[in-house]
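Undergrad: Residue numbers (our numbering), protein chains in the order written: chain A, 77 to 496; chain B, 77 to 496.
Incorrect hints may have been included.
Repeated chains share a single entry, so a pair holds when one copy, or any two copies, can fit it.
[Unchecked claim] Straight-line alpha carbon distances no greater than 27 Å define the calculated DSSO-like cross-link-like pairs of lysine-lysine that follow:
(1) Lys449 - Lys487
(2) Lys494 - Lys372
(3) Lys361 - Lys97
(4) Lys97 - Lys375
(5) Lys85 - Lys97
(6) Lys316 - Lys185
(7) Lys372 - Lys95
(8) Lys233 - Lys284
(9) Lys185 - Lys173
(10) Lys217 - Lys85
(11) Lys173 - Lys284
(12) Lys258 - Lys316
(13) Lys453 - Lys490
(14) Lys487 - Lys453
(15) Lys449 - Lys97
Hints were generated in silico from the structure; no laboratory data involved.
There are 2 protein chains.
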Amino acid sequence: MNMVKSLFKVSTPQEVITKLKNHLNLKEIIKNNIEEVDIKITLHRFLAEDIVAPANLPGFNRSTMDGYAIRAEDSFGATGNLPSYLEIIGEIKMGVKPEFRINSGEAVKISTGGMLPKGANAVMMVEYTEQINDTTIEARKSISPWENVVREDEDLKIREIILRKGSRLRPQDIGVLAGIGKTNIKIYRKPRIAIISTGNEIIPAESKPRIGQIRDINSYTLGACIEEAGGVPIYRGIIKDEVILLEQEIKKAIKEDKAEAVIISGGSSVGARDVTLEVLNGLGKPGVLIHGVSVKPGKPTILAIADNRPIFGLPGHPVSAMIIFDLFVRPLISWLQEGEYNNNSTKEIEAELTCNMVSDSGREDYVRVFVYKEGEKFYADPILGKSGLISTMVRASGLIKIGLNIEGLEKGSKVMVKLF
Amino acid sequence: MNMVKSLFKVSTPQEVITKLKNHLNLKEIIKNNIEEVDIKITLHRFLAEDIVAPANLPGFNRSTMDGYAIRAEDSFGATGNLPSYLEIIGEIKMGVKPEFRINSGEAVKISTGGMLPKGANAVMMVEYTEQINDTTIEARKSISPWENVVREDEDLKIREIILRKGSRLRPQDIGVLAGIGKTNIKIYRKPRIAIISTGNEIIPAESKPRIGQIRDINSYTLGACIEEAGGVPIYRGIIKDEVILLEQEIKKAIKEDKAEAVIISGGSSVGARDVTLEVLNGLGKPGVLIHGVSVKPGKPTILAIADNRPIFGLPGHPVSAMIIFDLFVRPLISWLQEGEYNNNSTKEIEAELTCNMVSDSGREDYVRVFVYKEGEKFYADPILGKSGLISTMVRASGLIKIGLNIEGLEKGSKVMVKLF
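Required output: the full structure, derived from the provided sequences and hints.
TA: Below is the structure:
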């Protein structure tokens, strides 16, 4: 071990993202990762096809109220004191196409969702009518053409693109698919991401540590992060810091488990890092691309690509590992499903900092904060503590980022908090 | 059909929540809903037990750096020009308890994660040392006691409560459970929520609608909403607006499917509403509690409780149904797992309104908005369109609420957007 070896040139997060995008052939990885499934099981999955309107929707002029289908012109000028009188010529049955048309001075009883007959162009709400005998109503309000009506192509026009490939499906998106009769769709298979914990001191979580040993936390946090990001975690367990063992394990993850990416966590000590670097440089081209990032916590991060498979060496500290996961692995899991991933996502809130923070210029600092609300305002209270402490993980509700070229933040500053 | 029957006294959302809480015996419903599972499958599940630290963590004084374990006092005043000289008396092997102690003037080589020997109270980073011969180093910096060390109970103190019953588990929470060796935990079973679509005009999504018919959208959107909220959707399908059919279907959902709650969607027409009211009043005590809420869209909402089972009558329009789901069903799914649910959650962002909005006082208005970011600022652009249009569902990224006593909002106002 010498000083030179342990100091390395760090990359900015943007440089890591750029290298990942430039050196990976994503299309090659995902082209066979498509499956066709029932839309009932597609919540938060990524679309593998563009969805196009197969027809106009609703396809007919539909009432949005209970009342009477009329010609709007017949109501013009009508008020409670001076109603229009209209003749009831029938009733629209739900689910039935009316075969008649209405003319000036006529009205037809209609319910919400009913189809307007030919000639009608508005629905007078029942609240503004009074039935004065079997065949006559008073209409007590002036309504505009198409009031209380959804026109036949108002919702969707035939051949319009509704949802694009790569969209992550929300409940309302699934509703739209049902609405156009598309009950089976193509989605991307969830990418399989293998997790290997390394470290001579790491033991399985269910074991009792002897002095100097530490339970495997990262397999669990990273596994849950993978699941949350839309991937499938492959738990490869714990191995010792040895070249042969690590190499074997990565190869098994790729060949046997068909992992699309591998995460190695732990190995932040210089000796362990050397093992990881040696293995990652021997697995395939181009090998190690990044060794060290300008992020705190999270500096000792490694990124390699071997035969179009990204392999991440994440720091051993659970909090650092999660921060690096969010910066690089979470976006990758989206890209592997054609998803756009924007780290400036809308899952962040503006809050006021409760104390001064210092930071080194030339480094992105991530600080865990506890967020609370008083009145209409959010406050971000930094959680100070070493990144290895798991108790601080539980207390934090989000992260603030202090950018590369910012030397610190003052109490009362506005900060954006990315919520966990 | 007459005017009196179709006008009903509306309740505020807060009144609905209060009635739901007062008339439901939640403890009775959930007491047998506990299962014990591997923590690997507990992401976003709700804890059914308090989790207590079984021991101090880490349980030993642990190094957070590669370097030398020393007595901090031996470094006081040391600089690059005027280093302290320390004798190397050994090396800490990872995973091994050091059996010796160090005295003044001594140092022991240690890696990140290693256990400090007795006598040592700090770690000098390797970067600030120079090895001058086999047994001597120069220490070139003054460090404080416990610098680069996690003390034995600094992370968790024995018997401290770490996570409380009802917490919804995040990746970091699962990591903490692994860290204390708790790899199996008690969680609440996901509540089973049945969905019944009603309406003579509604047809299965896979069918081709004849004129006047409409595909079942709500089963899909509500099913996905239930899943997202942490429940299990039970799809009961579509039935006609008939008392006997609806009654039969609800009973089956409760008896055969063991549903803890039932959602009926559709039936917004007066006739269909009457069918729902008749059935819900005949199923058990206390029957219908709410008939109409002061929310737009979503007014024709019904809440009944029958034999400690909540039954919701949601509006037929997909957007209205989702808004009412969020207000009342989503919190219920949390309560059924002892979760606190706060509608003022942190999944909202502040944005600037892009146009004027009007609203009636005495009603909560929910307006769908498209959110975009320019610079560091979010903008909320209202999506105008009838609530029955599914195309508007896809375009919206969130909702803004215009409170009960607000008559409107001006362009440029700050609004809180609840994100989908």
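Undergrad: What hints, given by number in increasing order, does this structure fail?
TA: No hint contradicted; all consistent.
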